[in-house]
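Novice: Each chain, written out:
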Amino acid sequence: AQSVTQPDIHITVSEGASLELRCNYSYGATPYLFWYVQSPGQGLQLLLKYFSGDTLVQGIKGFEAEFKRSQSSFNLRKPSVHWSDAAEYFCAVGARLGDKIIFGKGTRLHILP
Amino acid sequence: DAGVIQSPRHEVTEMGQEVTLRCKPISGHNSLFWYRQTMMRGLELLIYFNNNVPIDDSGMPEDRFSAKMPNASFSTLKIQPSEPRDSAVYFCASITGTAASNTGELFFGEGSRLTVL
Chain A
1 AQSVTQPDIH ITVSEGASLE LRCNYSYGAT PYLFWYVQSP GQGLQLLLKY FSGDTLVQGI
61 KGFEAEFKRS QSSFNLRKPS VHWSDAAEYF CAVGARLGDK IIFGKGTRLH ILP
Chain B
1001 DAGVIQSPRH EVTEMGQEVT LRCKPISGHN SLFWYRQTMM RGLELLIYFN NNVPIDDSGM
1061 PEDRFSAKMP NASFSTLKIQ PSEPRDSAVY FCASITGTAA SNTGELFFGE GSRLTVL
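These protein sequence lines map, in sequence, to chains A and B.
The numbering of the first sequence is the working numbering, which starts it at 1 and goes up by one.
The numbering of the second sequence is the working numbering, which starts it at 1001 and goes up by one.
Since the hints were made in silico from the structure, they are not lab data.
Treat the numbers as computed from the prediction; the structure is a model and nothing was measured.
Backbone N, C-alpha and C fix where the C-beta goes; we use that ideal spot for every residue, glycine too.
Be a bit skeptical, because a hint or two may be false.
To be verified - Derived contacts from chain A toward chain B, CB cut-off under 8 Å, selection only:
| no. | residue |
| --- | --- |
| 1 | Arg22 |
| 2 | Tyr25 |
| 3 | Tyr27 |
| 4 | Phe34 |
| 5 | Gln42 |
| 6 | Gly43 |
| 7 | Leu44 |
| 8 | Leu46 |
| 9 | Lys49 |
| 10 | Phe51 |
| 11 | Trp83 |
| 12 | Lys100 |
| 13 | Gly104 |
Unchecked claim - Label-pair ranges, simulated between beta-carbon atoms:
| no. | chain 1 | residue 1 | chain 2 | residue 2 | range |
| --- | --- | --- | --- | --- | --- |
| 14 | A | Thr12 | B | Arg1113 | 25 to 33 Å |
| 15 | B | Glu1014 | A | Ser72 | 43 to 51 Å |
| 16 | A | Lys61 | B | Ala1072 | 29 to 37 Å |
| 17 | A | Pro7 | B | Ile1055 | 26 to 34 Å |
| 18 | B | Asp1057 | A | Ala17 | 42 to 50 Å |
| 19 | A | Ser84 | B | Ser1007 | 24 to 32 Å |
Produce the entire structure from the sequences given, and follow the hints as far as they go.
Specialist: Structure follows, in structure tokens:
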């Protein structure tokens, strides 16, 4: 069964600083990997996804993520954060399209002015 | 498109009462997921349907929980009887399941916040 671990519950960075949110997954084959963002009181919105091919994927709002099979990781990065990036970020894994998607527990991002 | 529509947005009830949460998926989406979000457990998958058929309900916490999808445009999650530990935000999400058009993106509703006193 697939699982996702986000080791950081909270992360605080200064506005303009770079960001990396960690995600490790457990799955026997090549998984489908996702990052979603949740603003307060809202549902989740897809930031980016990896299915196959280039291991560095670009998403919306200037985010990118890199799939590293050897480390079972799919870390999310942004070179310079904005105050509007403060939200909760979820990594997710699926076995195949149309199958269930399992989410990590999330990382809450705080931005210092 | 109106997106995934959930109702009610907020529900406050007393322990022992029946709670019914409703979801209308995006038209044309044939997979529907129910998730529960709490501070302690994060976002847990409760059950998901493909073409109105329940595929995996292993996340349903106990027999007090039941879910149905009588047609492609409507699903319910019922809790009977409700308990204080059921207090959470319940999300419905839908996705198109056809191989040709599946982008893998789940579309979430805004959630139903349940408080059981």
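Novice: Take the hints in turn and mark each one as holding or not.
Specialist: Consistency of the hints with the structure:
1. Taking 8 Å as the C-beta cut-off, the interface hint given for Arg22 of chain A is violated, the closest approach to chain B being about 15 Å.
2. Checking Tyr25 of chain A against chain B: minimum C-beta separation of about 15 Å lies over 8 Å; hint violated.
3. For Tyr27 of chain A, the shortest C-beta to C-beta distance to chain B is roughly 15 Å, which exceeds 8 Å, and the interface hint is violated.
4. Hint status for Phe34 of chain A: holds, given a least beta-carbon distance of 7 Å to chain B, under 8 Å.
5. The restraint placing Gln42 of chain A at the interface with chain B holds, with a minimum CB-CB distance near 6 Å, inside the 8 Å limit.
6. A hinted interface residue such as Gly43 of chain A counts as satisfied when its beta carbon comes closer than 8 Å to some beta carbon of chain B; here the least separation is about 3 Å, so the hint holds.
7. Restraint check, Leu44 of chain A versus chain B: the minimum CB separation of about 5 Å is within 8 Å; hint holds.
8. At its closest, the beta carbon of Leu46 of chain A sits 5 Å from a beta carbon of chain B; the interface hint therefore holds under the 8 Å criterion.
9. With its C-beta approaching chain B no nearer than about 5 Å, Lys49 of chain A sits inside the 8 Å limit, and its interface hint holds.
10. The beta carbon of Phe51 of chain A is positioned within 8 Å of a beta carbon in chain B (closest approach about 7 Å), and the interface hint is therefore held.
11. The restraint placing Trp83 of chain A at the interface with chain B is violated, with a minimum CB-CB distance near 23 Å, outside the 8 Å limit.
12. For Lys100 of chain A, the interface hint holds, since its Cβ comes within 8 Å of a Cβ in chain B; the closest pair sits about 5 Å apart.
13. Evaluation of the Gly104 of chain A hint against chain B yields a held restraint, the C-beta minimum of about 7 Å falling below 8 Å.
14. A hinted range of 25 to 33 Å holds for the C-beta pair Thr12 of chain A and Arg1113 of chain B, which are about 26 Å apart.
15. A hinted range of 43 to 51 Å for the beta carbons of Glu1014 of chain B and Ser72 of chain A is consistent with their spacing of about 45 Å.
16. Restraint check, Lys61 of chain A to Ala1072 of chain B: a C-beta distance of roughly 32 Å satisfies the suggested window 29 to 37 Å.
17. Taking the beta carbon of each, Pro7 of chain A and Ile1055 of chain B are about 30 Å apart, inside 26 to 34 Å as hinted.
18. Asp1057 of chain B and Ala17 of chain A have their C-beta atoms about 43 Å apart, which keeps the hinted 42 to 50 Å range intact.
19. Remark: the range hint 24 to 32 Å for Ser84 of chain A to Ser1007 of chain B is upheld by a beta-carbon distance near 29 Å.
Checked against the numbered hints listed earlier, the structure breaks hints 1, 2, 3 and 11; every other hint is satisfied.
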